[in-house]
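Residue numbers (my numbering), protein chains in the order written: chain A, 8 to 740; chain B, 8 to 740.
These are computed hints drawn from the structure, not numbers from a lab.
Quick caveat, the model's predicted, so the values are computed rather than measured.
Errors might be hidden in some of the hints.
Treat identical chains as interchangeable: a pair holds within one or across any two.
[Claimed, not checked] Straight-line distance between alpha carbons at most 27 angstroms, and here's what the computed BS3-like set of lysine-lysine pairs gives:
no., residue 1, residue 2
1, K214, K692
2, K86, K131
3, K302, K127
4, K65, K603
Protein chains: 2
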Amino acid sequence: MTIPTVFWLVPIASVTSLCMAWYFFRQMMKEEEGNERMIEIASHVRKGAMAYLKQQYKVVGAVFVVLAVLFAFMAYYLKIQNPWVPVAFLTGGFFSALAGFFGMKTATYASARTANAARKGLDKGLKVAFRSGAVMGLVVVGLGLLDIALWFFILNAVYADSPLALVTITTTMLTFGMGASTQALFARVGGGIYTKAADVGADLVGKVEADIPEDDPRNPATIADNVGDNVGDVAGMGADLYESYCGSILSTAALGATAFALSPDLQLRAVIAPMLIAAVGIFLSLIGIFLVRTKEGASMKDLLRALGMGTNVSAALIAVASFAILYLLGMSNWLGLAFSVLTGLVAGVIIGQATEYYTSQSYRPTQRIAEASQTGAATVLIKGLGTGMISTCIPVLVIAIAIMLSYLFANGFNLDMRADAIATGLYGIGIAAVGMLSTLGITLATDAYGPIADNAGGNAEMSGLGEEVRHRTDALDALGNTTAATGKGFAIGSAALTALALLASYIEEIKMAMVRAMEKGQTFIDMAGQAFDPHTATMPDFMAYFQVNLMNPRVLIGVFIGAMAAFLFCGLTMGAVARAAQAMVEEVRRQFNEIKGILSHEAEPDYGRCVEISTRSAQAEMIVPGLLAIAIPIVVGMLLGVAGILGLLAGSLATGFTLAVFMANAGGAWDNAKKMVEEGHFGGKGSPCHKATVVGDTVGDPFKDTSGPSLNILIKLMSMVSIVMAGLTIAFL
Amino acid sequence: MTIPTVFWLVPIASVTSLCMAWYFFRQMMKEEEGNERMIEIASHVRKGAMAYLKQQYKVVGAVFVVLAVLFAFMAYYLKIQNPWVPVAFLTGGFFSALAGFFGMKTATYASARTANAARKGLDKGLKVAFRSGAVMGLVVVGLGLLDIALWFFILNAVYADSPLALVTITTTMLTFGMGASTQALFARVGGGIYTKAADVGADLVGKVEADIPEDDPRNPATIADNVGDNVGDVAGMGADLYESYCGSILSTAALGATAFALSPDLQLRAVIAPMLIAAVGIFLSLIGIFLVRTKEGASMKDLLRALGMGTNVSAALIAVASFAILYLLGMSNWLGLAFSVLTGLVAGVIIGQATEYYTSQSYRPTQRIAEASQTGAATVLIKGLGTGMISTCIPVLVIAIAIMLSYLFANGFNLDMRADAIATGLYGIGIAAVGMLSTLGITLATDAYGPIADNAGGNAEMSGLGEEVRHRTDALDALGNTTAATGKGFAIGSAALTALALLASYIEEIKMAMVRAMEKGQTFIDMAGQAFDPHTATMPDFMAYFQVNLMNPRVLIGVFIGAMAAFLFCGLTMGAVARAAQAMVEEVRRQFNEIKGILSHEAEPDYGRCVEISTRSAQAEMIVPGLLAIAIPIVVGMLLGVAGILGLLAGSLATGFTLAVFMANAGGAWDNAKKMVEEGHFGGKGSPCHKATVVGDTVGDPFKDTSGPSLNILIKLMSMVSIVMAGLTIAFL
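Here chain A stands alone, though its shape is the one from the complex (with noise of 0.2 angstroms):
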């Protein structure tokens, strides 16, 4: 099949991404790094960062062989695999971890020039850090529209006259999702684990026990939770929106070559409308970034309002572009698909402001549960709870109106499950989370912009800059933390439409395995006696032959099942944490205890250990919840077939997504609480109601960056497994 011209916009946009990230790192390289402490410190943090990212990739390269191994068994030897998954496997995975690495260093480089150029001014100190964070943003859109890009030439070139070609194709570019899926959980779970070991232990005898501020220097597991920052948030949370990016625009693609397969004109433009409208988000999100930008002397209302501007005016700039696309490539159905992607946009942006109401100190929600803390700890912790599981509520109303929207926007407003009706829909719901993640050049520098900012914060506490730099990257690290919250927000949102959209084009998946196990002599008999042809079979027909409705026991459990994984997982994370955080506990006490004068500046703590200790515990705590994330589909899909899967990710995705919400919130509330006591309130920092607070931050640690971000990720490879296992499922029928 002849690809058109326009598509080449996807590579073009791809380059454009790559040359600009390089183009903001040279720039931001180029600012100095202060003084001699400065140096010192940033050495410090990206000495431990490259570490752990070394380490890690060891472990998750282990489990890449071990994974692309059996992949290539299933694949070659047992012929139940599409053969170019294990190679397909390896590049998603390759190219997620890269996207990580250019990710982390620019933001371990910047967090001292960041400092730095605060020493000049507020807004210097704002276009540096915010620069840097455009560098994770750009080459993660960029490394993803690349490795899409190239397989669909190579794809093409293979499948170009088989029948299914573009079936084929897209169901097999899927499956590339796979790596990147299982390398953003090991980032995510590994660096969670890591950011947290640290955090709560630096916490828990630096401001507690030793009562000395956060990142002073004489606490000895300082540098570690400066570390952590960048491989939790920065790294983690790149890996979490790569894959977000990728499955969306994928799956739409899958979702896209069947609902238009009878029209194969339709059909390859509805494959590469996401891509399209991926491309084209690239060069908005650009012009987005150029406008973050503010004058001399900004308030801090200024600065919210120079990023909120870039954000905006790319959002507003892609909703317009995408009739435009959708009209020019003549999709039959272009203003209704224009919509679904309008729909995931706004359903993005309502999604962020609530996580905002519910997790700033501007609004009741925190306010209360700062007043709580006059009652002491244990009614903060009951409180922020209870708010957390509150606040669960917008959001799944919100998706739960995209879903529907995007749906009926897409088909024409048909509800009847008729099979086209079916398709197109389902589509619509793809092409809506392709929509939510089109700006996400700009939205992930938002959010990496927020560790760099804090971390610049810990190089200036440590080094003794004068109290006004100090004030200024306050400041910076402020605005970090409100368009942290909105960004967990977002990466949540499209983690549960991306999700979705692979869910639906997981049948299509089992389509291509059935037609796969037909070649090699399997027969399928439905219940009527009947031959069931899948080349043929639409939609309703999967799902009377599968018998994938909720009276059939096997859906049902796979829905407890797929509940009770997410609270598992959670519940796994969460003891991570705390062991970790146990030991670096003991490790800190141990060094106050036998290196003299450490509490009197007269001799240096030792940093290495830290790091070392957080480092171990990240990679030995990942591995099980890793695994099981893993294990849980394809043992469902051996003893309970599709219907059972189907049932496990629609039960993970419901109740992932809303403990998600959950955790972030209750997470963020507690944080801003703790913040808003220490402003003054309630008797300010050292009064009871701030001890209080800070055993809800505490608390919260977890929950908002090793837990709940982790679900994200679960919900997603636990979808994206079932896919590369479909011709497992198929084998054991």
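Given the structure of chain A, go ahead and fit chain B onto it with the hints provided.
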């Protein structure tokens, strides 16, 4: 249709049960209540509890009147509702309230008598407390079966000769569960808020600020705390299990009427089988109750063995008896069904034991939480939350396996989704729930025993009885904590199976609603344009007609909203406890400040004010979550139809069950971790470790006694509302 003679066993068992309850009540009343101070305190608690119940019944009565009028309007004016619903709804609520009233009356009379009996010996105390608990157990099962038997006689007389007689009768009877559900909701939520507002409030000021022990008469909230044990743990738990008991029997009867519709003879037997198993269960529970006795000077281990003896013998006997009952009834698949009953019984036991493992200080999980207190309250919280989440694994897997096994045993290991195989399989799931609940007479006795012993301890403390007596009541109380934990596991497990049976019987109710709608002239056309006839349609036909598969966005949205509803409901009840506890804290502080001499025993605190605050808070706070639980399924039914409802029920069931187990176990583990420290580990009472575990325990209070148990009702009530509103859902098609 002639009701077979054997059915008379049901009313006979019911009356026997009530007579024995009366006998145990009289026996308890004959015991002496102790000295003047003991009588006075008991009368304070009794008055508070009765005042609360009166107030509660007023509010609930108002809700009932509104709902009954609504149902009457729907039934007699719109004619979209079963005409019996308004009456059945009221009797269900009335009997449930009556059971709560009797149970609580007994409990409040028993506490001082238990304390007094404990002065004579441990075994004396156990007997009084346990036999008083048995009153609650026997009243619940007696009234439950009485209501069922009465309705069966009445409806059989009315519908004897109509077509679909038994289906009509059983689906009508099922709706009386709605009354029990609604009553239970307010009892659980209101009671849960009451008890924890008082408990948390009393602890926060008393233990933490004023440093006086638990149940100290100087604490103004101490009477409210003791009242709370009665209204929350006795009346709330009783209403919860009354609902599960009736719900499981009635939904199984409805499933039986459909599963065996082709053979009128078998059909009748299938309908009465669950009632007969429950009736025989009453006699076997009585045997168990009489077996609970210990010798003079029994040790703690002996006590535990005494209780275990009673419940285990009853369970073993009903296991054997169910084989006999089903065989003698002449059920065609009697052997398989008996194994389904056995599955339910075994599942209940395993869930109870898993609960004990995760919450008892004899095992590692709770010990590790206590250990974590060495690094402060935050790690106690993180560890406890993590443990609670991990503890969901076994109960969910047990329920999943129980669903599958009871389904397969009943239909002869048939996983094909043919109409007859599904219907028989679902009947098997229902009868497993009946099996789990068949010995409720004695299991509920052990549950109700706990708060009676707890109150006896409070009475002994407040009236200043000697240390030896206090030791004995402490031992009785400790025993109650163990039975409370396993009892909670049992309540959750049985709620899950009951909700599942209700979910399955929902389609029966939809069938009858469609039949009524057709009589009014509504027609139903399927996707192929053919007329759809609910009279002859089978389960797979309904699934296909309503498109209840997982690619239907209505189903997916339903699952999302169901998952969210569980979290929202918990968030609201957690928030309610936080607000109510804060009000209590302020009142207690006020009394300590304003009433001079409280702490030096010179003045008596104003207990009444605290009782009033708890009562008022509980009444005000239970309304919103209560109405929400009723409103959500109505709105979802109108907007998303049958497909949306089934998604909603599956989502809320899976998430609600998992969340309930998490909250109950985390709460139980924190409670026992605190007890462990109090017993002298990690510094003992008053140490920093103790303070850290007290925070955990306080957070755990609403977890395990308000939000967690209320979820049991939520998952059943949402099914019940859907069932009763089936007519409305069909009218909106």
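Hint by hint, here is what the structure shows:
Taking identical chains as interchangeable, the C-alpha atoms of K214 and K692 lie at most 27 angstroms apart whether they share a chain (11 angstroms) or sit on different chains (25 angstroms). Neither within a single protomer nor between protomers do K86 and K131 lie at most 27 angstroms apart by alpha-carbon distance, with minima of 58 angstroms and 72 angstroms respectively. Taking the shortest Cα distances, K302 and K127 sit within 27 angstroms of each other inside one copy (13 angstroms), while across copies they are farther apart (84 angstroms). In the homo-oligomer, the alpha carbons of K65 and K603 never lie at most 27 angstroms apart, since the shortest distance is 37 angstroms inside one protomer and 69 angstroms across protomers.
Hint compliance for this structure: hints 2 and 4 are not met, and every other hint is.
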